[in-house]
Every structure is written in C-alpha cells, then in structure tokens.
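Following my numbering, the numbering of the first sequence begins with 7 at its first residue and continues without gaps.
These aren't lab readings, by the way, just hints derived from the structure by calculation.
A couple of the hints might just be wrong.
[Unchecked claim] Under the rule of at most 25 Å between Cα atoms (straight-line distance), these lysine-lysine pairs were calculated in the DSS-like manner: (1) LYS290 <-> LYS150; (2) LYS120 <-> LYS19; (3) LYS11 <-> LYS41; (4) LYS389 <-> LYS134; (5) LYS54 <-> LYS95; (6) LYS57 <-> LYS11; (7) LYS269 <-> LYS95; (8) LYS134 <-> LYS157; (9) LYS392 <-> LYS11; (10) LYS42 <-> LYS120; (11) LYS171 <-> LYS142.
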Amino acid sequence: MLDIKLIRQNPQKVQEGCEKKQVKINLGRLLWVDKKRRQTIQALEDMKSQKNKTTSQIPKIEEEGEKEKLILKMRELDKNSDRLNGNLKQLQEEFNDLMRQIPNLPLENVPVGKNEKENVVLREIGEKPEFNFTPKDYLEISEKLDLIDVKRAAKVSGSRFGYLKGGAALIEFALINLAFETLSKDYNPPTALPAEGGAPNFIPVIPPVMLKPELMEGMGYVERGREEIYYLKKDKLYLVGTSEQSIGAMHADEIFEEKVLPKRYLGFSTCFRREAGAYGRDTKGILRVHQFDKAEMFSFCRPEKSQEEHQFFLKMEEKLMKALKIPYRVVQICSGDLGDPAAAKYDIEAWLPGQNQYRETHSTSNCTDYQARRLNIRYRDSKTEKPEFVHTVNGTAYAIGRTLIAIIENYQQKDGSIKVPNVLQKYTRFKKIG
RNA sequence: GGCGGGAUGCUGGAGAUUGGUUUAACAGGCUUGUCUUGAAAACAAGUGUACCAGAAAUGGUACCGUAGGUUCGAAUCCUACUCCCGCCGCCA
C-alpha cells in the first residue's frame with residue numbers, strides 16, 4: 007500500500023509509476039472517494055463531539071423534564087449519524103479496495119520496460135564449463151542416476167511434482183547447511199542484535215507454511231496473484247509460495263527498536279505454487295513444480311538503508327552462487343516485470359550447459375514500505391521518537407530444485423556421473439555421485 | 001473433538017457486585033530535571049497509537065482481544081468469532 011498523502015500530493019508521480027509497471031488504476035476515482043470520505047468523517051466526528059458534550063451533561067441535570075428533552079434530542083442526532091455511518095462504511099470499503107489496487111512504485115534507477123524481455127543483464131560471472139562431450143540435460147542425467155523421479159511423482163501427486171532421491175536429497179541438505187553456515191555464522195543467539203560492519207548474522211528461522219488471508223493480503227501477493235496461491239478453504243489458510251510471506255507477516259503490528267535494525271532472517275521452508283498461469287511452460291522435470299524447498303533471506307530495515315540492504319542481499323546471493331562455482335548472470339528487472347510489492351528487483355540466472363541457456367535461480371526485491379504499511383510494521387525513530395514504517399527486503403539464498411539442476415548440469419562428467427561441488431563435500435560425504 | 005478459565009496501556013495488575021470527567025487506579029519500567037566530583041539512592045515532572053482539520057500552536061474523534069448489538073452514555077450489559085492457558089481424548 008502507498009501513503010495516501012503521497013497520492014494526494016503527487017498524483018502525477020503515482021500515475022507515472024503505475025504506467026511504468028503496466029498497471030492501470032483509477033486515480034481520479036480514488037482521490038474523489040478519499041475527499042468524500044474525509045468530509046464524511048469530519049461531519050460524523052463533529053456530531054459525535056456534540057453528542058459527547060451533551061451526554062456528559064445529562065447525569066448532572068436534576069429536573070426531570072430537562073433530562074427527557076435532552077435524551078429525545080440525542081435520539082434525533084442518532085438517526086443522522088446512522089445514515090452518515092452507512093455512507094462512510096461504503097466509502098471506506100471502496101477506498102481500501104482502490105488503495106490495494108495500487109502497486110508499489112518502481113525506484114528511480116529501475117529501467118523502464120514493458121515485460122521480461124526488457125530486463126537488463128548487468129554482468130556475467132564465472133567461466134562456463136568446457137566439455138569434451140555433448141553436455142546432457144539434467145533430467146537425462148538424473149534419471150540414469152535415479153536422483154529425480156518425476157514419473158512416480160506424477161503417479162502419486164500429478165504433474166509438476168518430483169521425488170528427490172539419493173544424492174539429490176543429500177545435496178538439498180548440503181545446500182541448506184551451506185546457506186545457514188554462510189549467512190548465520192555471526193548470529194549471536196542471546197541478543198540477535200545486528201553485528202558490526204554489516205556482517206551476515208541472519209536469524210535462522212523455520213516459519214509456518216500456512217498463513218491467514220489478511221496477512222497474505224498484507225504481503226501484497228493476492229490482488230494480482232490469487233491464482234498462483236493454494237488456499238485451504240476449510241481452514242481459511244493460504245499455503246506460502248515463499249517463506250518471505252510468513253517471515254514478513256511475523257512482525258505485523260509491531261514496533262521495532264531502532265537498534266535491532268536491520269533485523270535479518272534466514273528462513274527455510276517448503277514453497278507451494280499453483281503455476282496456474284504456466285500451462286505448457288516448463289512442463290518437464292522439476293524446474294517449475296508445485297512444491298519445492300527454499301532458504302530465503304528477509305530483512306526489516308530503516309527506510310534510508312533499504313537500497314543498501316538490497317545490494318547486500320544481492321552480494322550474498324552472488325557469494326552463495328560463487329561458492330558453488332556455477333556461472334551466472336545478474337539481471338536487473340525492468341519496471342513492467344516487477345511484482346506488486348517490489349520497487350526494485352534483481353534476478354540471478356544460473357548457466358545451464360545442458361540446455362545452453364540461463365535460468366533464474368535467485369531473486370531479490372526491495373519492497374520499501376509497501377508491505378510494512380499494509381502489515382503495520384514500524385520502528386521507533388530515535389530522532390523523532392515517532393514510529394515510522396520499516397522497509398522490507400527479501401532474497402533467495404538457495405532455491406533447492408533449481409540450484410540442484412544447475413549443479414547437475416555444470417558438474418556432469420563424461421562417464422555420466424556428477425562431481426559434488428567442493429564446498430558441499432563436507433556435508434554430503436560423497437565427492438561424486440554415480 | 002469434549003469440558004473449564006482468561007484476553008486491559010511498555011510490563012505487572014485493578015476495574016467485576018452500583019453502566020456516566022476511566023486513557024484508564026496502584027506498582028514497576030523508561031525519559032527529563034534537582035541533589036552529587038561521578039554513580040547509586042532520594043525527590044520532582046513527564047511517559048500510547050491512529051485518523052481528521054490546521055502553516056503551526058492547538059482542537060476534535062476513535063481505540064481496554066476482534067466484529068456486531070442494547071443505551072442519551074459501555075472496559076463495565078448482550079451476541080458471534082479469534083487467540084491464549086488448564087484437564088480429557090487423539091497424535092508426529
């Protein structure tokens with residue numbers, strides 16, 4: 007949600023931002039409803055003020071007749087206020103509706119573009135591996151080594167599921183270990199205060215994967231993402247598409263002390279996605295599935311620090327990628343390809359030699375105060391002593407399925423086996439699979 | 001799933017028995033000031049959030065789990081819901 011004051015003072019800017027994001031909104035209607043709504047509030051409150059005054063007089067009055075008169079007068083006032091109340095309720099509803107339709111505005115430095123085709127490749131890192139044989143697709147390799155079983159998953163659960171078996175399962179745990187070791191090594195359990203010099207001291211967390219509707223809405227993924235989310239009707243709960251959703255929601259309605267910011271979490275959870283808009287896309291294998299595990303970074307930070315924090319997250323993602331020695335490129339997402347909550351976003355795409363293309367493995371977004379405002383997450387500013395909205399930043403540490411794909415394709419050997427990346431060997435106990 | 005208890009401000013904790021200056025007694029915490037070489041102690045003062053109007057000072061309104069209701073007026077009465085804490089059943 008945006009600040010209504012910003013919209014009132016700067017409708018042009020909001021309009022432009024929405025256009026950049028390819029989102030159509032009805033600003034004129036919103037501003038009209040806002041005005042009407044405020045007028046009604048004013049009228050209603052004046053009435054209440056009058057009522058409060060009279061009402062406090064009543065017990066002091068001695069004569070019987072006078073008292074009755076006043077009470078009758080009050081009843082008349084009530085009729086009016088009931089009518090206004092009804093109006094206000096309607097206005098308020100429409101106002102909230104319209105407000106929620108407005109996406110977060112892209113930051114100034116975000117390239118303007120219509121869709122993913124206009125994303126900007128910032129840099130390519132790492133040497134693409136040279137093979138003295140024709141590199142295979144990860145599915146082919148993993149079928150031979152019995153690492154990924156999509157067929158039986160289809161039998162048991164339907165399309166877009168997979169069993170990770172044997173070495174693949176071990177690599178999942180290895181990746182998680184590596185992520186937690188890298189990002190939480192300076193984490194200090196008793197205080198959990200930010201470390202000096204911005205050292206990675208993410209608080210490890212395993213969040214719930216089911217989430218109440220109002221909090222899912224607060225994270226900003228429902229307005230234009232409803233079809234993508236699993237909903238358990240009987241229990242009125244959403245399944246998270248990423249642990250970002252339940253980690254962000256964790257501090258709803260709270261006020262942080264300034265000194266605990268940035269508050270960084272490293273979460274691990276299963277993620278559930280309906281992939282409703284992706285019929286026919288990536289139907290093979292485990293690149294796009296309904297369920298996968300992911301280690302995710304999340305930060306609540308001071309507003310003026312969020313861009314720095316976003317860069318830090320990108321740096322951490324690159325660090326995790328470099329550790330695996332997998333070639334990748336960094337892509338800056340253009341305005342038209344940003345989701346509702348994001349003001350800026352970078353993806354990391356890993357090189358997949360078996361498919362001769364880059365595919366997204368990481369994503370980090372700066373959601374500025376968009377989620378914080380909806381979820382009412384604030385901090386107390388040390389100067390003004392007033393609560394202000396925090397900014398939220400999220401980013402992938404490792405998305406298991408896709409990272410696994412990248413490992414399999416980049417580390418494949420001529421004999422059909424897979425070398426385990428050096429950094430993972432101490433966790434897997436195996437140096438190669440197959 | 002069955003039964004019982006509860007939800008109040010930064011925290012603890014009154015308010016239940018008579019609905020009417022209760023934003024809320026009392027205590028603690030925190031902030032500031034006095035005293036002191038400094039600190040502690042003592043003493044004094046202050047101590048919510050949101051919205052609306054306003055340049056500001058300020059004024060108004062709302063908020064005692066949530067949503068409704070009764071009433072001129074509700075933390076206090078009524079209804080539904082949510083969450084928490086016990087006991088039983090089931091269970092990784």
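We went through each hint and held it up to the structure:
no., hint, in the structure
1, LYS290 <-> LYS150, "holds, 16 Å"
2, LYS120 <-> LYS19, "holds, 18 Å"
3, LYS11 <-> LYS41, "holds, 12 Å"
4, LYS389 <-> LYS134, "violated, 51 Å"
5, LYS54 <-> LYS95, "holds, 16 Å"
6, LYS57 <-> LYS11, "violated, 30 Å"
7, LYS269 <-> LYS95, "violated, 37 Å"
8, LYS134 <-> LYS157, "violated, 31 Å"
9, LYS392 <-> LYS11, "holds, 17 Å"
10, LYS42 <-> LYS120, "violated, 35 Å"
11, LYS171 <-> LYS142, "holds, 19 Å"
Checked against the numbered hints above, the structure breaks hints 4, 6, 7, 8, 10 and satisfies the rest.
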